[in-house]
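Given the structure of chain A, go ahead and fit chains D, F and S onto it with the hints provided.
Residue numbers (the numbering used here), protein chains in the order written: chain A, 37 to 364; chain D, 37 to 364; chain F, 37 to 364; chain S, 37 to 364.
In case anyone wonders, no lab produced these hints; they're calculated from the structure.
Incorrect hints may appear among the rest.
One copy or any two copies: either way a pair holds, since identical chains are not told apart in the list.
[What the hints assert, rightly or not] Capping the alpha-carbon separation at 27 Å, the derived lysine-lysine pairs in BS3-like fashion look like this:
| no. | residue 1 | residue 2 |
| --- | --- | --- |
| 1 | Lys210 | Lys189 |
| 2 | Lys135 | Lys313 |
| 3 | Lys135 | Lys69 |
| 4 | Lys313 | Lys210 |
| 5 | Lys313 | Lys177 |
| 6 | Lys69 | Lys127 |
| 7 | Lys278 | Lys135 |
| 8 | Lys313 | Lys278 |
| 9 | Lys127 | Lys210 |
| 10 | Lys177 | Lys135 |
| 11 | Lys177 | Lys189 |
Number of protein chains: 4
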Amino acid sequence: MNSFGRNFRITSFGESHGAVVGVIIDGCPAGMKLTVQDIQPLLDRRRPGTSPLTSSRNEMDRVEMLSGIFEGQTTGAPIALIVRNENQNSKDYEELREKFRPGHADFTYQEKYGIRDHRGGGRSSGRETIGRVAAGAVALKYLSEYGITVTGKILLVHGKTNPEEIEREISSAKEAGDSVGGIVEIIAAGCPPGLGDPVFGKLDALIAGAMMGIGAVKGVEIGDGFAVSGKFGSENNDPMNKDGFLSNHAGGILGGISSGQDIVVRIAVKPTPSIAKVQQTRDIHGNVVEISVGGRHDPCIVPRIVPVAEAMLALVLMDCMLEQVKYR
Amino acid sequence: MNSFGRNFRITSFGESHGAVVGVIIDGCPAGMKLTVQDIQPLLDRRRPGTSPLTSSRNEMDRVEMLSGIFEGQTTGAPIALIVRNENQNSKDYEELREKFRPGHADFTYQEKYGIRDHRGGGRSSGRETIGRVAAGAVALKYLSEYGITVTGKILLVHGKTNPEEIEREISSAKEAGDSVGGIVEIIAAGCPPGLGDPVFGKLDALIAGAMMGIGAVKGVEIGDGFAVSGKFGSENNDPMNKDGFLSNHAGGILGGISSGQDIVVRIAVKPTPSIAKVQQTRDIHGNVVEISVGGRHDPCIVPRIVPVAEAMLALVLMDCMLEQVKYR
Amino acid sequence: MNSFGRNFRITSFGESHGAVVGVIIDGCPAGMKLTVQDIQPLLDRRRPGTSPLTSSRNEMDRVEMLSGIFEGQTTGAPIALIVRNENQNSKDYEELREKFRPGHADFTYQEKYGIRDHRGGGRSSGRETIGRVAAGAVALKYLSEYGITVTGKILLVHGKTNPEEIEREISSAKEAGDSVGGIVEIIAAGCPPGLGDPVFGKLDALIAGAMMGIGAVKGVEIGDGFAVSGKFGSENNDPMNKDGFLSNHAGGILGGISSGQDIVVRIAVKPTPSIAKVQQTRDIHGNVVEISVGGRHDPCIVPRIVPVAEAMLALVLMDCMLEQVKYR
Amino acid sequence: MNSFGRNFRITSFGESHGAVVGVIIDGCPAGMKLTVQDIQPLLDRRRPGTSPLTSSRNEMDRVEMLSGIFEGQTTGAPIALIVRNENQNSKDYEELREKFRPGHADFTYQEKYGIRDHRGGGRSSGRETIGRVAAGAVALKYLSEYGITVTGKILLVHGKTNPEEIEREISSAKEAGDSVGGIVEIIAAGCPPGLGDPVFGKLDALIAGAMMGIGAVKGVEIGDGFAVSGKFGSENNDPMNKDGFLSNHAGGILGGISSGQDIVVRIAVKPTPSIAKVQQTRDIHGNVVEISVGGRHDPCIVPRIVPVAEAMLALVLMDCMLEQVKYR
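Bound-form chain A, shown alone (with noise of 0.2 Å):
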């Protein structure tokens, strides 16, 4: 299904190569201020064509308010916001009408559905992220009201952590042909405690599941994460004194609930599939061939999977401060 969230709820819509990528949110409090500039800026950061270490297409993704505000405000009805596909080239991908490229999601989409738009991936393109990052600069906005932000960085590209030679990886992988993963944290400042539900609504279910939801992430991680493998239970537990907390190692979240600490997530960004090294492959046919995937491809994804990943943050804690306040 292409809907996410139980309060604040978005449904996602559109393909790389049709006419428009666009998302519906509905659930948006009635009576916030809202204009095209509170979405614009997430989706610059997102948008290719920003720096030479990512996709040279040069997409402009402007976003179009088309329903659910009156003079300046929402209402309470649903938010419509597109974004028109431009520089689509159709048939830079005609070879992979019949090809499926290693790592992507043309074999299981055709497996699943018997029919594929093989034009950029279709519905698994990046560009379908556009919804959801638009949807989430809304959230961020509603957030920001009640003091809750949320940030994203890169932590390591291709094992390095040093901007400089995270820079350098990213050149000499695109010079070869190839990509690179890395890690992302996104941490979330301010939130109250009560967020998130016992049982399969946790808090950090719920982050698991939306980051998870991003195509190339292969990993998720709250807190210590991985490390509490090694771990004593003396030293993962985090000790309270009468002003909180004295450490962070659950990542902000007991029990599926938010404890008022900082939220901190990572996710591990695989490296783009889509390379021009030769790779074999097999076709619908089912014979074997041999692919070089061209086109305008990132080296590295992980720089413009920030912003997405802080939207879905941001999509979860909003749909958590709706539930929650039920409650009260």
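Frame of chain A, contents of chains D, F and S only:
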């Protein structure tokens, strides 16, 4: 919310020290043979008292089927499964009425609800997983009829991978009044391609949410997981020939949809927060106090998480199997 | 699906001749005092054996609370309520294993599931409503704290509106081995304006779905209902002055949202399909057969529908109250 | 919420005087041929300006498909359909900024949201149904491939059943600055047995909710509907022989599940609340004022409700068809 799944929808209920813990399964196809013998073995693997290294509480955890079965078969009606609580000693927990245990949900529940069943963690107790395991056993029965198996194992405890060393780590933690964490790997074999949905309903997103919804889990990864952050695209992509994939870095999922390969999931389990070692915390009045968590606690919850993680993966797959069939 | 509601979500389970019938309530706010005495009276109004005009089955229908309550208050955890089935005589129903009762779900369940619990209708039995009534009683308790009341009454039975005539109609139908239908009106007073959502979540849409989901209900109307088909707009619109509305043709709902006036609902209840009179039907082998439905059936289900309809209206209002609060 | 359906899930958006009205369809099976020509005819039946008896607004209501289609076929991705608003005159509505129109959602929206798009009713406008009708047309296309048809007709307007008398009633209401109500009947033929679920997901419950969710509908009945209140069980039960049912008092649904007979639904439609006749109301400041609702309004909305009701019934059936297949 206490429900999980869209098509094979389970609702969990009950507290550690209440009358029962249980689950309602809604959406189980009619006409499947089902008896308590299909369910009890997985519950037996979850229950404590089976090894010197787990809690010494001796809970029999006998499952009862209250509805949804007629003459040994499912009817399509909701299946209610309960386990009566026995051998619970509420007095063990009297100290916890006012003190917040470090690493537990005590503080966050109190903040969220303003009321809290302090006895054994109430709803946040590990006993809540009994419902999930019982429902997972029903899913496993169904999946097995389609040739799908789900198998979990301990990969690592407190940095050790060798079974004997693991046993030693747990024993020494127990003696020290402490606890240790670890990593569990769960593999589903025999899945057809096509399970999962693009975008928010990605199979890996559902799995990540399901796994992170198990108490004590702090990280989830699929396939190569966090290791992708150090790899080239040309290493990480799985090439194909006419018989299928030549490697499985992806962990059986591409674009959120199963590829037919093994689905490979790993989860990080934190050290049990209940430890005898004295820790600093606060009470509900804001006073700083010391706490030594008594009772009969597992020094390492990793072994008992294995069947819970198997159950959760089975529930996700079951749900996707029923979803899948709509588009055939 | 066997769940109802978004925020105060109930899941019904159990069959007429199984071990129990029951309900799980998920989403009840924490901190509300709740005992079985809050629930039993509404169940008592629903149960048979209380009048010579209802079924002579003597079911005590004692409710038990299995979870979600701690020291007399709700904790925010799921509340499990069950009633054990007693005084059920499965042998009464042996003939129905193969014959489809006219007016019953026997044929359609068989077609849908290929298997059917024929004993007393199994899941389609009126006993299934016990869960709804128990959950409705919890909702009524909450609503009463906000000054909202829900009251049902019989408007008409077999064309008669006078209580004495109604009694006579039912008695004579019973003697004739037949049954009669009627109309029930349910009024909710004290509702705040603003309950319900535009478009698909209209309060009247939710009510209509809830009421038509009661077995035997064949029609639902709000306010003037079907009578609007003979009216002018100038008659049907409710004018306002500064104190509010001057009439209530709308039945308390405008544009799907409560106006603060009384919410007025009427439902049409069909004659009980189980009658002693001989009817023609077919069996599962396709043979034409005669059937006289024995057992102890109500010659008129209308009186026992009243508390069920009250419960369903209360559940809808409760759900909207919790939704409402999200946007305040 | 602005979504409807579980499996064929539609999300409606847009206001009367905004840029567009539209719908997202999520869950349409892949591989179905679909063009705007499959959708436009049902929209044309809904639009005004086609008869002297409907509103003289001349809206062309041209549907555009923005996503979900590839080379003329559905791909399984969300289908976005929009109609651009034209010929809307916002100035017609300036008086309504402060006055509450009797019989409209103006007062209740103001109470619920504290803000209200007064232009043409904004979200509560009849134009919102364009999205439902467009989605319904897609459902009808799918259903027709399974031999299912859905047909609506006017049964009665202002007490008259004869077409000529109906025309006269509408004309004279129009001249008097007034409006009239009526009854519509919708029949679905060719449905397989087994659609719908026991308990809360009964087919008739879904239909009742769908129909009552159409603005102006105040009553819904299935089969014999309210007439069952005057009948004996022996009259109302539908006997069977080996070929099926001998009558259809039930309206094609037994125990909430389709029987394979025609599904028969009737709805009561209130007189259009927008009338030129002077009425008393209040404004947002609490002053009593008079109002004459200008603009170009339908003196009887009954004819234009017919395609909307067909669409809603089609959406319910479509949803149940996709649900059904899970249990085969």
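We went through each hint and held it up to the structure:
Proximity of Lys210 to Lys189 under the C-alpha cut-off of 27 Å is restricted to the intra-copy arrangement: shortest distance 22 Å within a copy versus 39 Å between copies. For the identical chains of this complex, Lys135 and Lys313 are intra-copy neighbours only, at 15 Å inside a copy versus 60 Å across copies, given an alpha-carbon limit of 27 Å. Within a single copy, Lys135 and Lys69 get their C-alpha atoms only as close as 47 Å, which misses the 27 Å cut-off; across copies the closest is 24 Å, which meets it. Taking identical chains as interchangeable, the C-alpha atoms of Lys313 and Lys210 lie at most 27 Å apart only when both belong to the same chain, with a minimum of 10 Å there against 53 Å between chains.
Taking the shortest Cα distances, Lys313 and Lys177 never come within 27 Å of each other, neither inside one copy (42 Å) nor across copies (44 Å). With identical chains, the CA atoms of Lys69 and Lys127 are at most 27 Å apart between copies only, with a shortest distance of 24 Å across copies and 42 Å within one. Taking the shortest alpha-carbon separations for Lys278 and Lys135, only the inter-copy value of 12 Å comes in at or below 27 Å, while the best intra-copy value is 62 Å. When the C-alpha separation of Lys313 and Lys278 is checked against a cutoff of 27 Å, the pair qualifies only between copies, where the shortest distance is 20 Å, while the shortest distance within a copy is 58 Å.
In this assembly of identical chains, Lys127 and Lys210 lie within 27 Å of each other by CA distance solely inside one copy; the values are 23 Å within and 58 Å between copies. For the homomeric pair Lys177 and Lys135, neither the shortest alpha-carbon distance inside one copy (43 Å) nor that between copies (32 Å) is at most 27 Å. Within a single copy, Lys177 and Lys189 get their C-alpha atoms as close as 19 Å, which meets the 27 Å cut-off; across copies the closest is 44 Å, which misses it.
Going down the numbered hints, you'll see the structure goes against 5 and 10, while the others check out.
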